[in-house]
Structure formats: structure tokens, C-alpha cells
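Visitor: Protein chains in written order, with the working numbering: chain Y, 1 to 348; chain D, 1 to 296.
Derived by calculation from the structure, the hints in this document are not laboratory data.
If a hint is listed, it holds; no wrong ones were tucked in.
Derived coverage of chain D by chain Y (criterion: at least 3 residues anywhere in the stretch with Cβ under 8 angstroms from a Cβ of chain Y; other residues may be distant):
#	region
1	81-91
2	99-105
3	274-282
Below, computed lysine to aspartate or glutamate pairings styled on DMTMM-like, alpha-carbon distance capped at 25 angstroms:
#	chain 1	residue 1	chain 2	residue 2
4	D	K32	Y	D208
5	D	K32	Y	D206
6	D	K32	D	D176
7	Y	K190	Y	E212
8	Y	K124	D	D236
9	Y	K124	D	D176
10	D	K178	Y	D206
11	Y	K93	Y	D250
12	Y	K124	D	E35
13	Y	K124	D	E92
Here a beta-carbon is modelled for each residue, glycine too, at the ideal position from N, C-alpha and C.
Below, each chain spelled out in residue letters.
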Amino acid sequence: MSVTRFCVRSYRQDLKVFASPAAKISLVLLAVALLCLPMVAGTYVAFVSCVCGVSVISTIGLNILTGYAGLISLGHAAFMGIGAYTAAILSSKLGLPLVATLPLAGLAAALTGFVVGVPTLRLKGLYLVVTTLAFQFIVEHVIYHWESLTQGDRGISLPDPTLLGYKFGTYESFYYIILAVAVLTALFAKNLAMSRTGRALVAIRDRDIAAEMIGIHVSKYKILAFVVSSFIAGVAGGLYAYLLRLISPDHFTFGQSILYIAMIIVGGMGTVLGSIVGALFMVLLPEALNAISGPLASAYPALAPRIGGVSAAVYGMVIILFLLLEPNGLFGIWIRIKRYWKTWPYSY
Amino acid sequence: MDFQVLLQLTVTGLAWGSVYACIALGFVLIFKATEVFNFAQPELMMLGAYLAFTLIAGLKLPFILGFVCALVLVALVAALLEMMVVRPLVGEPVLSIIMVTLGLANVLRGLTGLAWGYEELQFPSPFPRNPLHVFGAAINQAELFTIVATAILLIVFLLFFKYSSSGIAMRATAEDAKTAFLMGINVKRVFTASWVIASVVATVAGVFLASLTHLEPIMSFTGLRALPAIILGGLDSIPGAIIGGLIIGVAENLAGFYLESYLGSGVREITAYAIVLIVMMIRPYGLFGSREIERV
Numbered sequence: 001m002s003v004t005r006f007c008v009r010s011y012r013q014d015l016k017v018f019a020s021p022a023a024k025i026s027l028v029l030l031a032v033a034l035l036c037l038p039m040v041a042g043t044y045v046a047f048v049s050c051v052c053g054v055s056v057i058s059t060i061g062l063n064i065l066t067g068y069a070g071l072i073s074l075g076h077a078a079f080m081g082i083g084a085y086t087a088a089i090l091s092s093k094l095g096l097p098l099v100a101t102l103p104l105a106g107l108a109a110a111l112t113g114f115v116v117g118v119p120t121l122r123l124k125g126l127y128l129v130v131t132t133l134a135f136q137f138i139v140e141h142v143i144y145h146w147e148s149l150t151q152g153d154r155g156i157s158l159p160d161p162t163l164l165g166y167k168f169g170t171y172e173s174f175y176y177i178i179l180a181v182a183v184l185t186a187l188f189a190k191n192l193a194m195s196r197t198g199r200a201l202v203a204i205r206d207r208d209i210a211a212e213m214i215g216i217h218v219s220k221y222k223i224l225a226f227v228v229s230s231f232i233a234g235v236a237g238g239l240y241a242y243l244l245r246l247i248s249p250d251h252f253t254f255g256q257s258i259l260y261i262a263m264i265i266v267g268g269m270g271t272v273l274g275s276i277v278g279a280l281f282m283v284l285l286p287e288a289l290n291a292i293s294g295p296l297a298s299a300y301p302a303l304a305p306r307i308g309g310v311s312a313a314v315y316g317m318v319i320i321l322f323l324l325l326e327p328n329g330l331f332g333i334w335i336r337i338k339r340y341w342k343t344w345p346y347s348y
Numbered sequence: 001m002d003f004q005v006l007l008q009l010t011v012t013g014l015a016w017g018s019v020y021a022c023i024a025l026g027f028v029l030i031f032k033a034t035e036v037f038n039f040a041q042p043e044l045m046m047l048g049a050y051l052a053f054t055l056i057a058g059l060k061l062p063f064i065l066g067f068v069c070a071l072v073l074v075a076l077v078a079a080l081l082e083m084m085v086v087r088p089l090v091g092e093p094v095l096s097i098i099m100v101t102l103g104l105a106n107v108l109r110g111l112t113g114l115a116w117g118y119e120e121l122q123f124p125s126p127f128p129r130n131p132l133h134v135f136g137a138a139i140n141q142a143e144l145f146t147i148v149a150t151a152i153l154l155i156v157f158l159l160f161f162k163y164s165s166s167g168i169a170m171r172a173t174a175e176d177a178k179t180a181f182l183m184g185i186n187v188k189r190v191f192t193a194s195w196v197i198a199s200v201v202a203t204v205a206g207v208f209l210a211s212l213t214h215l216e217p218i219m220s221f222t223g224l225r226a227l228p229a230i231i232l233g234g235l236d237s238i239p240g241a242i243i244g245g246l247i248i249g250v251a252e253n254l255a256g257f258y259l260e261s262y263l264g265s266g267v268r269e270i271t272a273y274a275i276v277l278i279v280m281m282i283r284p285y286g287l288f289g290s291r292e293i294e295r296v
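Between the sequences and the hints, there should be enough to build the whole structure, so can you do that?
Guide: What follows is the structure, given as C-alpha cells:
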């Protein structure tokens with residue numbers, strides 16, 4: 001952990017998933033707020049919350065691979081794409097229900113993750129980065145050109161998701177499925193991080209040769225990180241497909257992969273809370289940008305087709321500023337604020 | 001297999017390959033000197049080409065003058081970026097460095113789109129349009145100019161690294177920055193110099209690429225295909241980068257022509273990446289890269 005612990009705690013306390021009663025209470029409040037959200041807010045807010053949820057799931061997956069195991073992947077959107085297309089094809093062509101398509105979407109992505117993971121075991125740093133980049137572009141190409149299966153750039157449309165006989169046709173109702181999966185993923189990741197496996201991954205990230213010397217089976221855990229991360233990405237992709245109803249190759253591009261990395265950097269590497277906060281920040285940022293760029297475009301119609309450049313530039317700036325000024329991300333800021341108040345007035 | 005077609009495809013491939021080689025040279029140069037892998041290199045190339053376009057087509061400067069002005073402007077931008085954005089992160093973990101340059105790439109791409117728009121622009125190519133007939137094959141003169149000019153440029157740079165004192169200082173820094181610093185080499189200046197040289201070479205590549213095709217922001221994705229070239233050659237080998245660039249250029253042109261009917265129309269764009277995947281499985285440190293020995 002790059003963020004140092006600020007007070008001495010027993011090992012038993014350290015192992016707890018929820019650290020204190022205060023944390024439990026705030027979690028309950030948060031849960032109530034999350035459950036009530038679609039009832040009080042409109043359809044648009046529900047849709048944006050769904051996108052947030054999908055991004056949170058996917059980012060947690062990437063954080064397991066990159067934040068915990070230290071394996072940098074520029075192909076996370078490709079894994080999501082594989083999951084999304086699996087779900088779309090199975091549900092539209094074979095008519096399978098959500099309970100079947102989601103796990104299968106995850107499995108398809110996990111299988112690909114395994115296939116990509118094995119040859120990359122010998123690769124490090126930049127070679128790994130460029131290999132995952134190559135994987136990203138090849139998947140994009142296959143999705144785009146395997147028309148008989150994916151219908152190319154026309155995209156595939158999905159039927160309404162059904163679960164246990166109920167239809168989840170509206171954003172408001174589908175929100176609850178996404179929320180449930182997101183909570184499950186977060187709990188899983190939190191537990192994974194605190195288990196033997198999570199510690200092994202962190203050891204590999206920090207120094208893989210040393211990790212091997214103390215008896216960690218490096219290649220096994222690296223493959224495991226790839227498989228788990230791509231499974232989660234696949235499930236997130238499946239949910240994304242059901243959410244959008246019409247998926248096309250444009251939703252799973254290289255730019256998206258960078259966006260997911262930006263999420264873990266903005267949120268905080270190697271923390272579950274960081275993945276959540278980072279995903280929320282990066283999804284809500286363009287919403288805030290739209291509020292600015294909309295009036296800008298109507299004031300200067302000549303600029304309208306170029307406005308897209310603004311959001312790309314702002315994304316880039318956010319990444320750069322976080323790396324330069326707050327490498328621990330929003331999570332790091334949160335820890336600093338918490339430490340300040342805990343030790344107040346003796347904050348030194 | 002038709003000989004004329006093959007010859008034509010190979011020349012086109014070599015022209016694109018020399019563009020890749022120029023971009024790749026910039027990547028390797030910066031990586032060797034500062035251990036920073038600059039994902040914004042294709043964007044610097046694009047920026048250079050757009051600046052040259054504005055100076056030549058917009059301000060009606062003569063081609064050579066506009067070109068030189070564009071080189072100077074891009075060099076200034078690169079030097080500023082190096083000092084403000086990248087230098088604070090030298091020595092940080094790989095991910096931070098990769099991400100800061102990816103962020104930089106996004107900023108440059110976004111600003112280029114904002115300033116020049118997303119539509120295709122016709123670059124005022126200085127090369128004669130009529131093709132040259134060699135052995136019955138029609139060869140685009142712009143391609144020949146590209147090959148010859150980049151070859152000269154690369155030879156000049158190789159000589160510069162080998163014999164000039166600044167070049168030796170750069171190689172020393174690449175070998176071991178700390179020792180070079182102790183020997184009295186101004187390491188910071190070497191860092192900036194590597195960015196300046198890389199951006200200048202990238203701009204040359206960008207102008208040639210724009211003359212071969214046209215200007216549009218997607219150009220940066222073309223430039224990104226120089227990455228496979230570097231990986232193919234090995235990250236830390238300048239001759240490797242050049243040879244890798246040429247191999248990728250020729251291979252993707254041939255594959256684009258002969259495999260398109262089997263694998264779909266975009267096959268040219270992904271040949272480079274397919275090659276990289278295969279090479280990485282066989283030689284995880286590239287064809288010419290040095291194998292690192294790691295110690296705990």
C-alpha cells in the first residue's frame with residue numbers, strides 16, 4: 001500500500017472488511033440513498049447512474065490487474081467488448097436469459113484473458129503494454145469485420161433483460177441489477193485484496209523476483225489476475241450491452257481502454273474505494289462538460305463539430321494533473337482529509 | 001504474383017516504413033535518454049504536420065521556410081512539455097510515466113481537433129504528382145522522396161550520435177544517467193534535447209505522411225503503428241527501430257493487398273499488431289533489444 005496507515009491497529013482489525021461502526025453506519029446510509037435514487041430522480045439520472053455502475057464494475061476489474069498485480073493493460077475495453085458481444089449474441093440469437101448470458105459473458109472474456117495472459121507471462125513493463133495494445137486493436141478489428149457474427153458497424157440490438165420472469169426494461173429497474181452486481185464485485189474485490197491471493201498479487205507488483213523467492217507462484221497468480229480481471233470486465237460488458245440495447249464497435253475502442261486506466265489513476269491505484277470514486281468521477285466529468293460545451297456550441301456554431309476536442313483535452317489534463325499533483329488519486333485526498341480530522345488539532 | 005504490383009507495393013511499404021522509422025527513432029531516443037516511453041509521439045508528429053500546413057497553405061510561406069518554422073515551433077512545444085509535464089515524473093513507476101504521456105497525447109489530439117477540425121485537409125505536397133515508371137511499375141514520386149529524405153535524415157542522426165560530443169553525451173546519459181551526471185554532463189539538457197530531436201524527426205515524418213495521404217486527426221493512430229516497429233526492433237535499439245519500421249511498413253502493405261479478400265478491409269491497420277503478438281511470444285525483448293538481467 002502506498003498510503004501509509006495512520007494509526008496502529010491490531011491484525012484482526014486490519015482483516016475486517018468494514019473498519020469501524022462509523023463506517024458501517026455511513027455504508028447503510030449510502031445503501032439507502034442508492035436504493036432510493038431511481039425513485040426520486042428522473043430517467044436520465046437513472047441512465048447515468050447505470051453507466052456509473054457499469055464503469056465501477058469494470059474499473060474494479062482493471063484495478064485487480066493493474067492496481068494490485070501491477071500488470072498494465074491497454075486492452076480492458078476489448079475484454080468488455082468480448083463480454084458485451086457474447087451477451088448480445090447469446091440473448092438475441094439464442095434467446096438466453098440474463099442469468100445465463102452474464103456469467104457466459106464473463107467466462108468468454110475470462111477465457112480470452114487466459115489466452116492473452118499465458119504468452120504475456122514473460123513480458124514486462126512496456127512490452128506488456130504494447131502487447132495488450134495490440135490485443136485491443138485486433139479485437140476491435142475482429143468485432144468490426146466479423147460481420148456474420150457481430151453485424152459490423154451496424155451493431156447488434158438486444159431484447160429486454162429478464163430475470164426470474166420479471167422484465168427489467170426501464171433504466172430505473174435495470175439500475176437495481178447493475179447495483180447488485182456492482183456491490184457483489186466490490187465485496188469480492190475487497191475480500192480478494194485482503195486474502196492470501198491479494199497479498200500475493202501485491203508482492204508480485206512490488207518486486208516479482210522477490211515474490212518468487214518467498215514462495216509465491218508468480219505465473220499462477222499473474223494468470224489468475226488476468227482471468228479474474230477479464231471475467232469482471234466481461235460481466236461489466238454484458239451489463240453495458242443490456243443497458244445500451246444497441247452495441248457497436250465504437251463502444252469498446254482504445255480510447256475507452258485509456259479511460260478505464262484514467263479511472264484507476266484518478267481514484268487511486270490498488271484500492272477498491274478508489275476504483276469506485278474514480279469511475280464515478282470520470283463518468284460524471286463529461287456530464288459536467290456537456291453543461292459547458294452545449295451553450296458554447298450554440299454561441300459559436302462554427303465550433304460545434306470541433307467541441308469533441310474539448311472533452312478529449314480535458315480528460316488528458318485530468319490524468320496529467322492527478323499524476324503530477326496527487327499520485328494517490330482521490331483516495332489519497334480522502335485519506336489525508338481523514339487523517340487531518342482524526343488527529344486534529346495535532347495534525348503533525 | 002505480379003512483379004510490377006509487388007514492386008509497387010514494396011516501394012509504398014518502404015515509404016510508409018521510413019515514416020514509421022522516423023517516429024520510432026523518436027520513441028527510442030526519448031526512452032533511451034530518460035526511460036520515458038512517450039505515447040504522445042504520434043501527436044507531436046500530427047501537430048508538426050498541422051503547423052506546417054497552416055504556415056504553408058494558410059500563411060502562404062514558401063514550402064521550405066514554412067517547414068523549418070514548423071520544426072522550430074514543434075521543438076519549442078516539445079521542450080516545454082518535457083520540462084513542465086514529464087520531468088517531474090522521471091524515475092516514477094512505469095504506469096505513471098505511460099499514463100502521463102497518454103494524457104498528453106489526449107490533450108494534444110483534443111486541441112488539434114479543436115483548432116483545425118476533424119475533416120480531411122489536403123496537404124500542399126511539394127512533390128511532383130506524375131508517377132515514375134520503373135520496370136513497368138508506376139511509382140509515386142512522393143514515396144521515393146520520402147524514402148530518400150528519411151534515409152538521409154536517419155544517417156545524419158546516426159552519425160551525430162556516434163561522433164558529435166552532444167551525441168556522445170546523449171549516449172552516455174542513456175547508458176547510465178547518474179554516472180553521466182557525475183562526469184559533468186548536463187543531464188537535464190540531454191533530456192530536453194532528446195525531446196527536441198524526437199519532435200523534429202516526428203515532424204519530418206508527419207509532413208511526409210501528410211504528403212503521402214492527407215491531414216486528419218486520425219493520423220495519430222497511424223503514427224501509433226510505429227509502436228509495433230519499436231517492439232519488433234527492441235525498445236533500446238535505434239537500428240532496431242529503423243529496421244522494425246521498414247519491416248512493418250512493407251509487411252502491412254503486402255498483407256493489406258494480398259490478405260484483404262480473406263480477412264476484411266482493415267487488415268492493413270492491424271498487420272503490425274499481429275506481427276507484434278507473434279514476435280512477443282517468441283522473443284519477449286524484441287529482435288534486437290538487449291535482454292535485461294534483473295536482480296532483487
